[in-house]
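Engineer: Residue numbers (UniProt numbering), protein chains in the order written: chain A, 1 to 385; chain B, 1 to 385.
It should be emphasised that the hints constitute simulated quantities derived from the structure, not laboratory data.
Treat the hints with care, since some could be wrong.
So these bits of chain A aren't anywhere near chain B, every CB distance computed over 10 Å [as the list claims (entries may be wrong)]: (1) 112; (2) 137; (3) 187; (4) 268; (5) 274.
Output of the computed footprint for chain A on chain B, the stretches with three or more beta carbons under 8 Å from beta carbons of chain A [as the list claims (entries may be wrong)]: (6) 263-277; (7) 282-292; (8) 308-317.
Incomplete in silico selection of chain A near chain B, CB under 8 Å [what the hints assert, rightly or not]: (9) 31; (10) 35; (11) 98.
Built from N, CA and C at the ideal position, the CB exists for glycine as well.
Number of protein chains: 2
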Amino acid sequence: MKLDHIETPAALIDVARMQKNIARMQGQMNTLGVAFRPHVKTTKCIDVVRAQIAAGARGITVSTLKEAEAFFAAGVADILYAVSMVPAKLPRALALRRQGCDLKLVVDNPGAASAIAAFGDQHGETFEVWIEVDTDGHRSGITPEQDTLLVVGLILHDNGVKVGGVMTHAGSSYELDTPEALAALAEQERAGCVRAAERLREAGIACPAVSVGSTPTALAAAQLDGVTEVRAGVYVLFDLVMHNVGVCALDDIALSVLATVIGHQADKGWAILDAGWMALSRDRGTSKQAHDFGYGQPCLLNGTPLAGYVVSGANQEHGILSSTSASTEAEATAGSADDITQRFPLGMKLRILPNHACATGAQFPEYHAVAPDGASVEWRRFHGW
Amino acid sequence: MKLDHIETPAALIDVARMQKNIARMQGQMNTLGVAFRPHVKTTKCIDVVRAQIAAGARGITVSTLKEAEAFFAAGVADILYAVSMVPAKLPRALALRRQGCDLKLVVDNPGAASAIAAFGDQHGETFEVWIEVDTDGHRSGITPEQDTLLVVGLILHDNGVKVGGVMTHAGSSYELDTPEALAALAEQERAGCVRAAERLREAGIACPAVSVGSTPTALAAAQLDGVTEVRAGVYVLFDLVMHNVGVCALDDIALSVLATVIGHQADKGWAILDAGWMALSRDRGTSKQAHDFGYGQPCLLNGTPLAGYVVSGANQEHGILSSTSASTEAEATAGSADDITQRFPLGMKLRILPNHACATGAQFPEYHAVAPDGASVEWRRFHGW
């Protein structure tokens, strides 16, 4: 189906850009001499993941057990579930392993470690667990020098659970915007995670995998000595937040929301779109960055960004497109009342680049994968837990 | 299924609260002597809509043609599609009408009116169109005194399209928080919409329906002379934004997200939950209100709000629960390191009240409808367009 015939709002993936992003990240990993395990939470779409694997990815990272189940059913067996395990979710994890899924769990505390050991013992299953390391104070994990690291490692190791590795996620990289700061955080992430693995090994725990990553640190890392693999998710599509972080150009962003102009408030300088926050998501990640893109950057159908315009507001099914230079209603009235209706006539279709590809994609049951000749096919994605 | 056995994260509807909210709104409409047409965009769930209709609702309002198709398939025929129509969507609207759906369209501009008239003429279909009126400058619509109102009305009327009514939505009511301001806006909404209908009638256009509404103005209206029906959506579940607007108590909020404590960062005073923004949504509506509830208000399983705690941060599948009194990391370290791990032990389940019921519900494929005895059943909802 051609772009002109897709009903709006719709989530489009520019396949050429996606493939370029995949090749860039895989090339960086190959240069650094580490394996790459993409985080599939960004797209939850088997078509995208097949492209990542075809380019060289080894295994995947998931954020929910539903992702693990769906991708295992689609033929991916090497899966890291990168959210701390809790006892109530162990039966689903066991069921996956019993079906042959090489599912690896993550813990960052003694209680969860003990529960996995006891549950494994009860069911005669040797679980593989990776220990989450906190290298930037951003979220979960045990800092490399905390005694808890060895406590958790030994609870697992001494109770028949395989300690498969350590993993960390320097999520604070999203708050940076210079190459120097990103490179420094990438080195901090690497050094902390390697240090945690060394401490476990000194305690007699093998800990073969050392897994690091976020899209910005993965792309900024100069060397990854001691690291065995990298994880990243949003790089496959990129978005305006990543553009502001400085790791992609606007024309690397492979996800856009196709929208139609459904009306105007000419005296305010507004064109009304049929893409509101239900389509674009409520993610306003760029609001805290140097360049605030509102609810998204409008582009022509061919992908050319419309400089000077932004989706400035959103209701559930209504988006407001306006000029960035009309900072007051009076200015808009003076300068752009005619401009807005003439530049954006009723029925015109636009593509909106989103703040955050993970959040925007999740609003849609499917992507429309658009080839360079403009033809598209549907790629299903799933949601829920 | 009992609450303890529902896998997390999950969206819960407290059915007793929902029924109370439905009865309250329907009672208000009965007192005011107007029909009630609930906006089903909030839940996209036939089980909820059946309860609204059983209580006295007449017809529904939808925000997408997919909602119209799904609810018509489920037996609801009287449907107002309350987003401005564009030509490309007319074939789907026609298909619904041909199947017997009493679908009403909305326009606010001459171009769309002409397109509907031409399309109806071409296909031998008499469409019914309501004209959108702008009574508060919030979004779409034609202001009551604009000449465009009559232009649009006459394009429709003179070209064989039925002008079924006028409709307005005073969405700026979400920005208010006193009974006086809400009552004043309700009157402004009423007066403006009635005035628009009168102008059309003076021009010889019948315009039988006069439809107003938003949850706050519907509940605040003292009289609705000249109005025939009211629309409202979020009242059926309510949320923290509506609590701050002043139209519901915390214990009226019928939607919550069931979450599990999956870890801690005790030195920061954090408990980590398995409900991040993918479950809670990125909607931070309360951030601009007098009481900022972060990503949500934690409650015990029995629904009791945990005063002094908030979901202060969210990653995709991680939520951060912390004390509202620990405004700095040092305070948290001094006062609540033990408190957070003891009050919120690993595996503990909580219910999180959301900022915005429409946005949070959309993150889930289903609700778990919880009866007063704690038993629950699944109510499916749909997404997409």
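Engineer: Checking each numbered hint in turn, tell me which of them this model violates, lowest number first.
Structural biologist: 1, 2, 4, 5, 9, 10, 11
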